[in-house]
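Turn these sequences into a full structure, and let the hints steer you where they fit.
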Amino acid sequence: MGLINIIGKAFVLLSRKEQNRLKLLTLFNIIISIMDIALLAMLLGIVSLYSGSNNNPIAKILPSFLSNTQSLFPVIVFLLLFVLKSLSAFMVYQAQSKLVFKISIRLARKQLLQYLNSSYDEYTHTEQAQLVNLANNT
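Sequential numbering from 1 applies to the sequence shown in this note's numbering.
Calculated from the structure, these hints are not laboratory results.
Misleading hints may appear alongside valid ones.
Stated by the list, open to error - In silico lysine-lysine, DSSO-like type, Cα no more than 27 Å apart, as pairs: (1) Lys23 - Lys85; (2) Lys98 - Lys23; (3) Lys102 - Lys9; (4) Lys102 - Lys17; (5) Lys60 - Lys85; (6) Lys85 - Lys98; (7) Lys102 - Lys85; (8) Lys102 - Lys23; (9) Lys110 - Lys9; (10) Lys85 - Lys9; (11) Lys23 - Lys110; (12) Lys17 - Lys110; (13) Lys9 - Lys23; (14) Lys98 - Lys17; (15) Lys110 - Lys98.
Claimed, not checked - Derived CB-CB ranges, DEER-like: (16) Ala108 - Met42: 43 to 49 Å; (17) Ser88 - Ala108: 28 to 34 Å; (18) Ile105 - Ser71: 48 to 54 Å; (19) Val100 - Leu40: 24 to 30 Å; (20) Gly8 - Ser104: 18 to 24 Å; (21) Pro63 - Leu84: 45 to 51 Å; (22) Phe101 - Gly8: 18 to 24 Å.
Owing to the predicted nature of the structure, the values given are computational and were not obtained by experimental measurement.
Just so it is clear, CB atoms sit at the ideal spot from N, CA and C, and this is done for glycine as well.
Next up, the structure:
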């Protein structure tokens, strides 16, 4: 079973609202990853700026108040951007966790109702350990 097949089967279990939420959270994760890469590149530029390199291409692009090596303003801007990125990543992670728990609760509830509405024969012919394991691994 390939990864695409597993993802497809898992996606079928989700409601339309959950699917849309998952797509949005995936997009936010991609944006945060791009921001991580951009901030790493910015950090390299800042290190190059403060190392005193004369042929720094970033110093030529930036306005003078950001390329001043006597000022801490470039570092402060970097730290603020990094904190904003980290806060947004935390919020996305929190939203992902809530989505996973809501899906898990919905599926477990569905299985429990299916069990409660089943026939007495199914109840007597199924081991209780199997039922508990099925409910816990949803």
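Consistency of the hints with the structure:
Of the supplied pair hints, the one linking lysine 23 and lysine 85 holds, its CA atoms being roughly 20 Å apart against a limit of 27 Å. For a cut-off of 27 Å, the pair hint linking lysine 98 to lysine 23 stands: about 15 Å separates their Cα positions. Taking the CA atoms of lysine 102 and lysine 9, the gap is near 18 Å; set against the 27 Å cutoff, the hint holds. Taking the CA atoms of lysine 102 and lysine 17, the gap is near 12 Å; set against the 27 Å cutoff, the hint holds.
A threshold of 27 Å between alpha carbons decides the hint, and for lysine 60 with lysine 85 the separation of about 26 Å falls inside it, so the pair holds. Simply put, lysine 85 and lysine 98 have alpha-carbon atoms about 20 Å apart, close enough for the 27 Å limit, and the pair holds. A threshold of 27 Å between alpha carbons decides the hint, and for lysine 102 with lysine 85 the separation of about 26 Å falls inside it, so the pair holds. Proposed proximity of lysine 102 and lysine 23 is supported: the alpha carbons are some 16 Å apart, at most 27 Å.
For the given pair, lysine 110 sits about 17 Å from lysine 9 by alpha-carbon distance, which is consistent with the 27 Å threshold. Under the criterion of a C-alpha separation no larger than 27 Å, the hint pairing lysine 85 with lysine 9 is inconsistent with the structure, at around 32 Å. Under the criterion of a C-alpha separation no larger than 27 Å, the hint pairing lysine 23 with lysine 110 is consistent with the structure, at around 23 Å. For the hint pairing lysine 17 with lysine 110, the CA-to-CA distance comes to about 17 Å; that is within 27 Å, so the pair holds.
Between lysine 9 and lysine 23, the direct Cα distance comes to roughly 15 Å. Compliance with the 27 Å bound is thereby established for this hinted pair. The suggested pairing of lysine 98 with lysine 17 holds, with an alpha-carbon distance near 14 Å, which does not exceed 27 Å. Taking the CA atoms of lysine 110 and lysine 98, the gap is near 18 Å; set against the 27 Å cutoff, the hint holds. Range check, alanine 108 to methionine 42: Cβ separation about 45 Å, and the 43 to 49 Å hint holds.
For serine 88 and alanine 108, the Cβ-Cβ distance of about 31 Å falls inside the hinted range of 28 to 34 Å, so the restraint holds. Our hint of 48 to 54 Å for isoleucine 105 and serine 71 holds, since their Cβ atoms are close to 52 Å apart. Between valine 100 and leucine 40, the C-beta spacing of about 29 Å keeps the proposed range 24 to 30 Å intact. With their beta carbons about 19 Å apart, glycine 8 and serine 104 fall inside the hinted range of 18 to 24 Å.
Taken as a hint, the range 45 to 51 Å is violated for the pair proline 63 and leucine 84, whose Cβ atoms sit roughly 20 Å apart. Distance hint check: the CB atoms of phenylalanine 101 and glycine 8 are about 22 Å apart, consistent with the given range 18 to 24 Å.
The earlier numbered hints that this structure contradicts are 10, 21.
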